[in-house]
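Peer 1: Assemble the whole structure, with the sequences as input and the hints as a guide.
Note that the protein sequences, when read in sequence, are chains A and B. With my numbering applied, the first sequence corresponds to residues 2 to 250, in that order. With my numbering applied, the second sequence corresponds to residues 2 to 250, in that order.
If you're looking for bench data, these hints aren't it; they were derived computationally from the structure. Remember, it's a predicted structure, so these values are computed and weren't measured experimentally. Glycine included, each C-beta is placed from N, C-alpha and C at the ideal position. Be careful, since some hints might not be right.
To be verified - Just a sample of chain B residues kept apart from chain A, beta carbon distances all over 10 Å, derived:
#1 SER32
#2 GLY38
#3 SER40
#4 ALA53
#5 THR57
#6 ARG73
#7 PHE127
#8 ASP145
#9 PRO148
#10 GLU153
#11 GLY209
What the hints assert, rightly or not - Among the chain B residues that face chain A by a calculated CB cut under 7 Å, a handful are:
#12 ILE191
#13 CYS212
#14 LEU213
Unchecked claim - Here are the in silico distance ranges between beta carbons for each label pair:
#15 A:VAL123 to B:GLY166: 55 to 63 Å
#16 A:GLN180 to B:HIS222: 39 to 47 Å
#17 A:SER40 to B:ASP8: 31 to 39 Å
#18 B:HIS45 to A:SER77: 35 to 43 Å
#19 B:PRO43 to A:SER54: 24 to 32 Å
#20 A:HIS181 to B:ALA202: 45 to 53 Å
#21 B:SER132 to A:VAL123: 53 to 61 Å
Protein chains: 2
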Amino acid sequence: MTETRLDAVKLDGAGPVYDQIRRAIRDLVVSGEWQPGTSVPPEHALMEQLGASRMTVHRALVQLAREGLIIRRRRSGTVVATPPASHAMLDILSIPEEVRQLGQAYAYEVLARTDGRPSPEVAELFGLKRSDRIAHLLVLHRADGRPHVLEERVIHAAGATGLAGEDFAETPPGDWLLQHSLWSQAEHAISAIGAGEEQAALLDIAVGEPCLLVERRTWNHSQPVTAVRLLYPGFRHRFVGRFGPYGAA
Amino acid sequence: MTETRLDAVKLDGAGPVYDQIRRAIRDLVVSGEWQPGTSVPPEHALMEQLGASRMTVHRALVQLAREGLIIRRRRSGTVVATPPASHAMLDILSIPEEVRQLGQAYAYEVLARTDGRPSPEVAELFGLKRSDRIAHLLVLHRADGRPHVLEERVIHAAGATGLAGEDFAETPPGDWLLQHSLWSQAEHAISAIGAGEEQAALLDIAVGEPCLLVERRTWNHSQPVTAVRLLYPGFRHRFVGRFGPYGAA
DNA sequence: AGCGCTCAATTGCATATGCAAATAGCACTT
DNA sequence: AAGTGCTATTTGCATATGCAATTGAGCGCT
Numbered sequence: 002m003t004e005t006r007l008d009a010v011k012l013d014g015a016g017p018v019y020d021q022i023r024r025a026i027r028d029l030v031v032s033g034e035w036q037p038g039t040s041v042p043p044e045h046a047l048m049e050q051l052g053a054s055r056m057t058v059h060r061a062l063v064q065l066a067r068e069g070l071i072i073r074r075r076r077s078g079t080v081v082a083t084p085p086a087s088h089a090m091l092d093i094l095s096i097p098e099e100v101r102q103l104g105q106a107y108a109y110e111v112l113a114r115t116d117g118r119p120s121p122e123v124a125e126l127f128g129l130k131r132s133d134r135i136a137h138l139l140v141l142h143r144a145d146g147r148p149h150v151l152e153e154r155v156i157h158a159a160g161a162t163g164l165a166g167e168d169f170a171e172t173p174p175g176d177w178l179l180q181h182s183l184w185s186q187a188e189h190a191i192s193a194i195g196a197g198e199e200q201a202a203l204l205d206i207a208v209g210e211p212c213l214l215v216e217r218r219t220w221n222h223s224q225p226v227t228a229v230r231l232l233y234p235g236f237r238h239r240f241v242g243r244f245g246p247y248g249a250a
Numbered sequence: 002m003t004e005t006r007l008d009a010v011k012l013d014g015a016g017p018v019y020d021q022i023r024r025a026i027r028d029l030v031v032s033g034e035w036q037p038g039t040s041v042p043p044e045h046a047l048m049e050q051l052g053a054s055r056m057t058v059h060r061a062l063v064q065l066a067r068e069g070l071i072i073r074r075r076r077s078g079t080v081v082a083t084p085p086a087s088h089a090m091l092d093i094l095s096i097p098e099e100v101r102q103l104g105q106a107y108a109y110e111v112l113a114r115t116d117g118r119p120s121p122e123v124a125e126l127f128g129l130k131r132s133d134r135i136a137h138l139l140v141l142h143r144a145d146g147r148p149h150v151l152e153e154r155v156i157h158a159a160g161a162t163g164l165a166g167e168d169f170a171e172t173p174p175g176d177w178l179l180q181h182s183l184w185s186q187a188e189h190a191i192s193a194i195g196a197g198e199e200q201a202a203l204l205d206i207a208v209g210e211p212c213l214l215v216e217r218r219t220w221n222h223s224q225p226v227t228a229v230r231l232l233y234p235g236f237r238h239r240f241v242g243r244f245g246p247y248g249a250a
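Peer 2: This is the structure:
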C-alpha cells in the first residue's frame, strides 16, 4: 500500500471548501497522480494540512467514495479505487470477457496491421494531425470457432505506451489498451448497416446481412487514444440496459 | 404549490437516521404520493417531526437533491422535482421531440389498434396473464413526411389510467403514456434486423434493408406497463452516448 | 400601478464535540 | 504455530451552534 504525497492536495479557493477538497483529490485520482491502491491520507492529516475541520474533510471524502473514486474502511483507511474501467465498463470493452460470459470459447486473429501516419479520412474522423503516428488494425474475434465480431481499430501511439513493441499475439488490442492507456472520455454510437462484401466474407454471412455497428472513440484529456468500429452480425446480438427513471438501477 | 402531508414521513429504524429519512422521502416521491411540484416540508418542520437534528435532516435532503428527486432553493424551500422521465429520458422516449430536435416536421398515424386480451406470444414476452386487458397498437412516425420509425406497442390497461377512452388522435401513445402512467423500471435492447415485407412497405425501404430494432419494456413496481418495438431504418439513425470512466459526463 | 426597501424564512456551509463501530497490529497465552 | 484478547487508529454518525446567502412577501412611497 504505497503512500500518497500529502502536500499534493491544494485548494483553489473557488466555491465551498468541501468541494474544493473533493475536486482537488478527484483531480489527483483521475490524472493518475494518485495510482489505484495507494492510500489517501487519513481525515486528521488532511484536516491539519488544509486547515479545515474534520467534518468538512469527511464530507468531501464521503462524496468521493459515493462516486466510486475511493474506498474507505474503518481503521484501514482510505485507498484510491481501481478504476471502474476494468469493472463496469469491462462489459462493453472486453470482447474476450463478453464471449466467455456467454459460455463460449474465445479466439481471435489479427488479420492486418499497418503502422504509420493516418490517412486523411482517419485523421479527419479522429481529429488527428497527419504527422501523428498511429497503428491501424483489423481483428476478427471468434466464439466457439465462429466469427463473432469484426474489429477495425486505430490507436494513437502517443496515447498508448509500448505500442510499437507490441504484436498483439497474446492479448487483443482492446484488452491491451485497458492496461497500457488511460481514458477520460468516450463516445459511443450505435447504428445498423448491411455487411459489405469483404466484411461478409470475414464474418461468414451473406452480403447485405443486417449488422450492428458500434463505433467508439476514446480520449484522455482531449488527446485521442483510440477509435474502433465493431461490426456484429445483427441477428445474434443485442445490447441490453436496465434503468429506472432516476438513473441506472 | 400544494402542500405535502408532514406526517407521511415515517422512519423504519433500519440503518443510519439520515438514510432512513432519505429513503422515507424517496419512497413518497417515487410512489407518486408526493406529486411533482408539491413542496417538501422545511428542514425545521422535519426536524421536529422526526426528532432529528437539522444537520441530519439536511444531509438526507442534500443527497436527494443530488439524486435529482427534489429541488431546493433558499427561502422558497424544497419541492418535488418533475420526474426526469420528461427530461433526461425524454430524448429516448419522445419521438416527436426527437424529430423536432432534428429540425424536421413531425407527424404520425395510428395504423391499427386492437383492444382485448394478449395473444400467447405477447403474454409470454411480457409476463402478462391471459386475462389481462391490453391495447395493441401500430403507429408510423414521419419526419418531413418521410417514414421515420415504425412503432409496435402493447399497453397494459391496468397500468395506464384512461386507456380505453383514449384514441391517440392528439398525442402518440408513447407521449400519452408519459402523462398517464408511472414507471420504475425499464429495459432496453438494441439489435439489428432486416426489414420484413410489411415493415419495408410501411417504412418505404427495400425488403431486407438493415434496421435498428429498439425494444423497450417498462414496469411500475414489477407490474408491466408497456412494451414497445421501434424499428428505425438503419442508415439514417445512430444512437450516441458520451461518458467517462466514472460515469456519464 | 410600479418601484424600492426591509424583514424574515429557508437553505448552505463550516466548526467543534462526542461517541460508536470496525479492525490492524501487537502482546500474550496455549 | 495458532489462537485470544487488548488497544489504538480510523472512519461513521449525530448533535448543537452560528453565520452567510438567497429571495418571497409585505410595506411604504411616489
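Peer 1: Look at each hint and say if it fits the structure.
Peer 2: Checked hints:
1. SER32: The claim stands: SER32 of chain B keeps its Cβ more than 10 Å from every Cβ of chain A (closest is about 12 Å).
2. GLY38: 16 Å, holds
3. SER40: Holds, because the least Cβ-Cβ distance between SER40 of chain B and chain A comes to about 19 Å, which exceeds 10 Å.
4. ALA53: 17 Å, holds
5. THR57: Fine: 13 Å to the nearest Cβ keeps THR57 of chain B off the interface.
6. ARG73: With a cut-off of 10 Å, ARG73 of chain B remains clear of chain A, as the shortest Cβ separation is near 15 Å.
7. PHE127: It holds; PHE127 of chain B is separated from chain A by about 16 Å at its closest Cβ, greater than 10 Å.
8. ASP145: Per Cβ check, ASP145 of chain B is outside 10 Å of chain A; nearest 20 Å; holds.
9. PRO148: 15 Å, holds
10. GLU153: Holds: least Cβ distance 17 Å, greater than 10 Å.
11. GLY209: 6 Å, violated
12. ILE191: Check passed: Cβ of ILE191 of chain B comes within 5 Å of chain A, closer than 7 Å.
13. CYS212: 6 Å, holds
14. LEU213: This hint holds: LEU213 of chain B lies near chain A, its Cβ roughly 4 Å from the closest one there, short of 7 Å.
15. A:VAL123 to B:GLY166: 55 to 63 Å: 57 Å, holds
16. A:GLN180 to B:HIS222: 39 to 47 Å: 43 Å, holds
17. A:SER40 to B:ASP8: 31 to 39 Å: With Cβ atoms ~46 Å apart, the hint is violated.
18. B:HIS45 to A:SER77: 35 to 43 Å: 39 Å, holds
19. B:PRO43 to A:SER54: 24 to 32 Å: At roughly 26 Å between Cβ atoms, SER54 of chain A and PRO43 of chain B fall inside 24 to 32 Å, so the hint holds.
20. A:HIS181 to B:ALA202: 45 to 53 Å: At 51 Å between Cβs, range holds.
21. B:SER132 to A:VAL123: 53 to 61 Å: 58 Å, holds
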